[in-house]
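The residues making up each chain are set out below.
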Amino acid sequence: MKYCLEADSIIKSYDDKPILSDIYLKCETNDIIGILGRNGTGKSTLLQILFGTLEAENKFIRINNQVYNEPYKENDLVAFLPQNHFIPNYFSVAKAIRLFVPAEKQKDFYDDSLINTIKNQQIRELSAGELRYLDVRLVLFSKAKFVLLDEPYSSISPMLIEDINNLILTESKEKGIIITDHHYESLLKIATKLYLLKDRQTYLIQHKQQLVAMGYLNRNML
Amino acid sequence: MPNFIGATGSYFRLMWHSKNLRLYFEFYKSTLAINLFISLIWIFNSLGTFFVSFCTFGLLAAFIFKEYYRKNDYFFYYNTHISRNSLFLFCFITNLFVCLIFKILSYEILP
Chain A
1 MKYCLEADSI IKSYDDKPIL SDIYLKCETN DIIGILGRNG TGKSTLLQIL
51 FGTLEAENKF IRINNQVYNE PYKENDLVAF LPQNHFIPNY FSVAKAIRLF
101 VPAEKQKDFY DDSLINTIKN QQIRELSAGE LRYLDVRLVL FSKAKFVLLD
151 EPYSSISPML IEDINNLILT ESKEKGIIIT DHHYESLLKI ATKLYLLKDR
201 QTYLIQHKQQ LVAMGYLNRN ML
Chain B
1001 MPNFIGATGS YFRLMWHSKN LRLYFEFYKS TLAINLFISL IWIFNSLGTF
1051 FVSFCTFGLL AAFIFKEYYR KNDYFFYYNT HISRNSLFLF CFITNLFVCL
1101 IFKILSYEIL P
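As they're listed, the protein sequences go chains A and B.
According to our numbering, the first sequence is numbered sequentially starting from 1.
According to our numbering, the second sequence is numbered sequentially starting from 1001.
By construction, these hints were calculated from the structure, which means they are not laboratory data.
Some hints here could point you the wrong way.
[Said to hold, decoys possible] Cut-off 30 angstroms, straight-line C-alpha distance, at most; resulting in silico cross-link-like pairs (DSBU-like, lysine-lysine):
#1 K193(A) to K208(A)
#2 K1103(B) to K143(A)
#3 K1029(B) to K198(A)
#4 K1029(B) to K105(A)
#5 K95(A) to K1071(B)
#6 K105(A) to K95(A)
#7 K2(A) to K119(A)
#8 K107(A) to K1029(B)
#9 K73(A) to K1029(B)
#10 K1071(B) to K17(A)
#11 K95(A) to K1103(B)
#12 K1071(B) to K143(A)
#13 K1066(B) to K95(A)
#14 K1103(B) to K1029(B)
#15 K17(A) to K1066(B)
#16 K1103(B) to K73(A)
#17 K119(A) to K1103(B)
#18 K119(A) to K1029(B)
#19 K1066(B) to K73(A)
#20 K107(A) to K17(A)
#21 K208(A) to K73(A)
#22 K1066(B) to K119(A)
#23 K173(A) to K143(A)
#24 K1071(B) to K105(A)
#25 K143(A) to K1066(B)
#26 K26(A) to K2(A)
Treat the numbers as computed from the prediction; the structure is a model and nothing was measured.
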């Protein structure tokens, strides 16, 4: 079954300073949507509003024509990878996996060389890269119909970025995935649709050259 | 009597196997250290003030600590569809329940 997430008319300000105004976004199953934008343009804010853990002055989030105010409270609807590590550091890796990953997917979850290396450790013993990889893998293995990833490539080595991209491509067969990251090259490799967040609005990007024209990249970066 | 104990055991085993309940208990366990540290100060005053602190000030201190230093942990629970308010409520009710049990036991032991 195909699912469709639409976010419309999102307005958010911090201390009377508008961050987002009149945002529109659409994501369907199989979509991998990349959201690019300079620092402080509201990418993380937007994802938290979509997840339902951040209030907005106005928001309209619809999934398959049903409106949700706090989508995260619904079973298997939306999963979110925040910018910072989110697994409590008093857990062990095995406990985090046991509590987070659905039972029927745990065997596949362990089918990974890095996870097998770290499975007997405590969360606080992991390096930043190992922890980020575990964060990303946990969220992607959820049963949610939509996955929101905020900077999934941060602290991760190039080889593991490839692994994450492969996992995103696999999971996108049954999920809609929205990603924001400054690692635009890795994101461009897999994104099926690209938005640029600028001047509090989202712009659909059709060609890479638009990123230069809109001031996100320099000409020599392409 | 053995039937009653058996049934109670089955009930708790069933609850324990509910993944969400385990998540609630993991959160609850993480509030205990700070709560007990604050509340045990009051035990020298009386057992009653210890129980009051265990359900109020101590628990509040644990929540405030989490709010300042472990805020991102909440996303682990959000991703399993558990809101912050329901975590707080669960801890409060569990503490009330624990206090009630101890109060009953203390009357039994020291009438």
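Do the hints match the structure? See the list:
1. In summary, the hint linking K193(A) to K208(A) is supported, as the alpha carbons are separated by about 11 angstroms, within the 30 angstroms threshold.
2. In summary, the hint linking K1103(B) to K143(A) is not supported, as the alpha carbons are separated by about 43 angstroms, beyond the 30 angstroms threshold.
3. For the given pair, K1029(B) sits about 43 angstroms from K198(A) by alpha-carbon distance, which is inconsistent with the 30 angstroms threshold.
4. Distance hint between K1029(B) and K105(A) is fulfilled; the C-alpha atoms sit about 27 angstroms from each other, no more than 30 angstroms.
5. Of the pairs offered as hints, the one joining K95(A) and K1071(B) holds, with about 20 angstroms between alpha carbons and a cut-off of 30 angstroms not exceeded.
6. Taking the CA atoms of K105(A) and K95(A), the gap is near 15 angstroms; set against the 30 angstroms cutoff, the hint holds.
7. For the suggested pair K2(A) and K119(A), the alpha carbons sit about 34 angstroms apart, so the restraint of at most 30 angstroms is broken.
8. In summary, the hint linking K107(A) to K1029(B) is supported, as the alpha carbons are separated by about 28 angstroms, within the 30 angstroms threshold.
9. About 23 angstroms separates the Cα atoms of K73(A) and K1029(B), which keeps this hinted pair within 30 angstroms; it holds.
10. Only pairs whose Cα atoms come within 30 angstroms are accepted, and K1071(B) paired with K17(A) is accepted, the gap being roughly 24 angstroms.
11. Of the supplied pair hints, the one linking K95(A) and K1103(B) is violated, its CA atoms being roughly 34 angstroms apart against a limit of 30 angstroms.
12. Our distance criterion of 30 angstroms between C-alpha atoms is met by K1071(B) and K143(A), whose separation comes to about 24 angstroms.
13. Only pairs whose Cα atoms come within 30 angstroms are accepted, and K1066(B) paired with K95(A) is accepted, the gap being roughly 20 angstroms.
14. Straight-line distance between C-alpha atoms of K1103(B) and K1029(B) comes to about 21 angstroms, which keeps the hinted pair within the 30 angstroms bound.
15. With a C-alpha separation of about 28 angstroms, the suggested pairing of K17(A) with K1066(B) holds against the 30 angstroms cut-off.
16. A C-alpha spacing of about 36 angstroms is found between K1103(B) and K73(A), which places the hinted pair above 30 angstroms, so the restraint is violated.
17. A hinted pair counts as satisfied when its Cα atoms are at most 30 angstroms apart, and K119(A) with K1103(B) does not qualify at roughly 42 angstroms.
18. Only pairs whose Cα atoms come within 30 angstroms are accepted, and K119(A) paired with K1029(B) is accepted, the gap being roughly 22 angstroms.
19. For the hint pairing K1066(B) with K73(A), the CA-to-CA distance comes to about 21 angstroms; that is within 30 angstroms, so the pair holds.
20. Of the pairs offered as hints, the one joining K107(A) and K17(A) is violated, with about 47 angstroms between alpha carbons and a cut-off of 30 angstroms exceeded.
21. For the proposed pair K208(A) and K73(A), the alpha carbon gap of about 37 angstroms is over 30 angstroms, so the pair is violated.
22. A C-alpha spacing of about 26 angstroms is found between K1066(B) and K119(A), which places the hinted pair at or below 30 angstroms, so the restraint holds.
23. Simply put, K173(A) and K143(A) have alpha-carbon atoms about 13 angstroms apart, close enough for the 30 angstroms limit, and the pair holds.
24. For the hint linking K1071(B) to K105(A), the alpha-carbon distance of about 28 angstroms falls within 30 angstroms, and the restraint holds.
25. In summary, the hint linking K143(A) to K1066(B) is supported, as the alpha carbons are separated by about 28 angstroms, within the 30 angstroms threshold.
26. Simply put, K26(A) and K2(A) have alpha-carbon atoms about 13 angstroms apart, close enough for the 30 angstroms limit, and the pair holds.
Comparing the model with each earlier hint shows violations of hints 2, 3, 7, 11, 16, 17, 20 and 21; every other hint is respected.
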